[in-house]
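Visitor: Throw the hints in and build the complete structure from the sequences for me.
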Amino acid sequence: MTTLSPANSPSWFREPSILPGFGITLGLALAYLGMIVLVPLAVLFFHSAGLGWAGFWDLVTEERTLGALRLSFATAFIAAAINGVMGVLLAWVLVRYRFPGRRLIDAAIDLPFALPTAVAGIALTTLYAPNGWIGRLLEPLGLKVAYTPLGIVVALVFIGLPFVVRTVQPVLEELDRELEEAAATLGASRWQTIGRVILPTVLPALLTGFALALARGVGEYGSVIFIAGNIPYVSEIAPLLIVIRLEEFDYQGATAVAVAMLLISFALLLFINLLQAWNRRRHGHG
Amino acid sequence: MAEATLVILEKAAVRQAASATGERRGVRVLLIATAIVFLALLLFLPLAVVFAEALRHGWGEFLAALGEPDALAAVRLTLLVAAIAVPLNTLFGVAVAWAVAKFEFRGKSLLVSLIDLPFSVSPVISGLIYVILFGTHSVIGQWFAGRGIEIVFAVPGIVLATIFVTVPFVARELIPLMQEQGTKEEEAALSLGASGWQTFRHVTLPNIRWGLLYGVLLCNARAMGEFGAVSVVSGHIRGLTNTVPLHVEILYNEYNFVAAFAVACLLALLAFLTLGLKSLLEWRHGAELAASRRL
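Line order of the protein sequences matches chains A and B. The working numbering applies: residue 1 is where the first sequence begins, and numbers increase by one. The working numbering applies: residue 1001 is where the second sequence begins, and numbers increase by one.
Hints were generated in silico from the structure; no laboratory data involved. Predicted, not measured: the structure shown is a model, and the values here were computed from it. Virtual Cβ for every residue (Gly too), placed ideally from N, Cα, C. Hints are supplied without guarantee of correctness; some may be wrong.
What the hints assert, rightly or not - No more than 25 Å apart at the CA atoms, straight line, and that leaves these computed lysine to aspartate or glutamate pairs for DMTMM-like:
1) B:Lys-1108 x B:Glu-1187
2) B:Lys-1278 x A:Asp-110
3) B:Lys-1184 x A:Glu-15
4) B:Lys-1108 x A:Glu-15
5) A:Lys-144 x B:Glu-1053
6) A:Lys-144 x B:Glu-1254
7) B:Lys-1278 x A:Glu-173
8) B:Lys-1278 x A:Glu-174
9) B:Lys-1278 x A:Asp-106
10) B:Lys-1184 x B:Glu-1104
To be verified - Simulated DEER-style distance windows between Cβ atoms:
11) B:Asn-1253 x A:Trp-278: 44 to 52 Å
12) B:Ala-1287 x A:Gly-55: 55 to 63 Å
13) A:Trp-57 x B:Asn-1253: 30 to 38 Å
14) B:Gly-1026 x A:Pro-200: 48 to 56 Å
15) B:Gly-1276 x A:Ala-42: 34 to 42 Å
16) B:Arg-1028 x A:Pro-200: 16 to 24 Å
17) A:Ala-81 x B:Val-1112: 26 to 34 Å
18) B:Leu-1117 x A:Asn-279: 18 to 26 Å
19) A:Arg-70 x B:Val-1139: 32 to 40 Å
20) B:Val-1112 x A:Asn-279: 15 to 23 Å
21) B:Asp-1070 x A:Glu-247: 20 to 28 Å
22) A:Gln-252 x B:Ile-1140: 14 to 22 Å
23) A:Trp-57 x B:Leu-1088: 36 to 44 Å
Guide: This is how it looks when you write it as structure tokens:
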């Protein structure tokens, strides 16, 4: 027993428990996750390392690649911002008001999660095309949606809609009405209560929802390619450029765009997490 | 006179209190109307378009598009892929949730965030990694090709890419649920002499069944509807490596809009079914689903 090394002792790695099956379930899970997710992703990074730093940089700073990356992140950011505003509004309406059809609308919010993206893509395109039900009304106003970057934003708003609503909704449900009453008793106007009491409470959830919608929007492919028009330098998103490079059998080009996308996405998510932590510290809780 | 003033003041105070924690009627109506118009433009009209376009030339053409051999082959492939990917991810979800929720160990939070990794990777990249790993230019790909096994641009690649994008669904449903339930009931069963398997089968499984079903439902919807990842690894061979969403794309790009939307109707119906069952689960068994469910 004295030869028991720390690595063999269960207390070093985990707290003792009488429940069985830790080793087998964790082992299975790690093996599965490793084979399906981690090793293939690592191979992607390894493959791009084969390009060397200069080679990678040349591929990524190519004008077409830069244009596609800029477009993907810009449209995803705008769409996530729109979803930030409309998501809070929808969550507020669903939590605070009672009106006919509320349950149906509540269930419909999840439609973008359930509807395959290709279907959303062709439906939105048909709807917003110049001869579509909505496109026809916008055309005289000089507004073109389908086959322009604006169309990409519309598709990404669709895709990201549930994220903000579903993160903000539970926070609003648990919001203590007495806080609002207290604010009102102390002489705050309704707008002051909303700005100083409700919004700060909702903000962390809103940021989380925004980050999820942004991450999803940056990588989205299925719903966008139909409505985008896919003109290089103008309406060609980064995921599409990866597909085009692959079809040209340019594996290095495809890998470079993919790695650049992943690195920027992870940096953004890290930044938003740090912002969350800073916000928690500032308000002195959590 | 003084009394009348008092009554007016009182009424004003009551009105004030009501508006202090709520909005005026006009504001309320405006907000509800904005929400409904927004959702109509974004969700309801696109759905209506799918069915309107599919039935543009009547039921005959609609049914013909669905009965076409390539469409049927796509349906069969989609069912096959889901039948492999969903059970595997369910097994993984249950195993990882057991380890994470019932035990305390180092690196747990890292493991939990790794499970969600596929959600922050573009579907196109999810496909690309398997092309890089198993493509004919890679060492592994050549090894398999030498034995007559095709992975990329064939069914195994489609299955792998689908598994990748649906890995988190069951796990993220079960982990918070099992954490909320703790380990007391399992410990009681074990101390009464139940075996580990009996404990899981008769104690844990009944406790998590609705959450499990919820996760499987969402996992299945994504597995059957996945487009980007599958598109990259499929090779788009009609009747062979075409899933239903890919078939929709091919028909649409051939300007065969009625057929494209007819097949899209199948996927829209799948979405309705998923949302319906999901709402039913939340309504009937909401208390037995994870309260702190993450997205």
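Visitor: Do the beta carbons of Gly-1026 of chain B and Pro-200 of chain A sit within 48 to 56 Å of each other?
Guide: Given a distance of about 26 Å, which is not inside 48 to 56 Å, the answer is violated.
Visitor: Is the Cα-Cα distance between Lys-144 of chain A and Glu-1053 of chain B 25 Å or less?
Guide: Status holds; Cα separation ~21 Å.
Visitor: Is the gap between the beta carbons of Ala-1287 of chain B and Gly-55 of chain A within 55 to 63 Å?
Guide: 57 Å, holds
Visitor: Using the Cβ atoms, figure out if Gly-1276 of chain B sits within 34 to 42 Å of Ala-42 of chain A.
Guide: Since Gly-1276 of chain B and Ala-42 of chain A have Cβ atoms about 40 Å apart, the given range 34 to 42 Å holds.
Visitor: Is it true that the C-beta distance of Asn-1253 of chain B to Trp-278 of chain A lies inside 44 to 52 Å, as the hint says?
Guide: 47 Å, holds
Visitor: Is the straight-line distance between the alpha-carbon of Lys-1278 of chain B and that of Asp-110 of chain A 25 Å or less?
Guide: Roughly 10 Å separates the two Cα atoms, so the pair holds.
Visitor: Given a hinted range of 32 to 40 Å, is it respected by the beta-carbon distance of Arg-70 of chain A and Val-1139 of chain B?
Guide: 36 Å, holds
Visitor: Does the hinted range 36 to 44 Å hold for Trp-57 of chain A and Leu-1088 of chain B at CB?
Guide: 39 Å, holds
Visitor: Keeping to a limit of 25 Å between CA atoms, is the pair of Lys-1184 of chain B and Glu-1104 of chain B held or broken?
Guide: Holds, because 15 Å separates the two Cα atoms, which is no more than 25 Å.
Visitor: Can you let me know if the beta-carbon spacing of Asp-1070 of chain B and Glu-247 of chain A is within 20 to 28 Å?
Guide: 22 Å, holds
Visitor: Regarding Gln-252 of chain A and Ile-1140 of chain B, is the given constraint of 14 to 22 Å on their beta-carbon distance met?
Guide: Given range 14 to 22 Å: holds, Cβ gap about 18 Å.
Visitor: Just to be careful, I want the Cα atoms of Lys-1278 of chain B and Asp-106 of chain A compared with a cutoff of 25 Å; is the pair within it?
Guide: 12 Å, holds
Consistency with the previously given hints fails for number 14 only.
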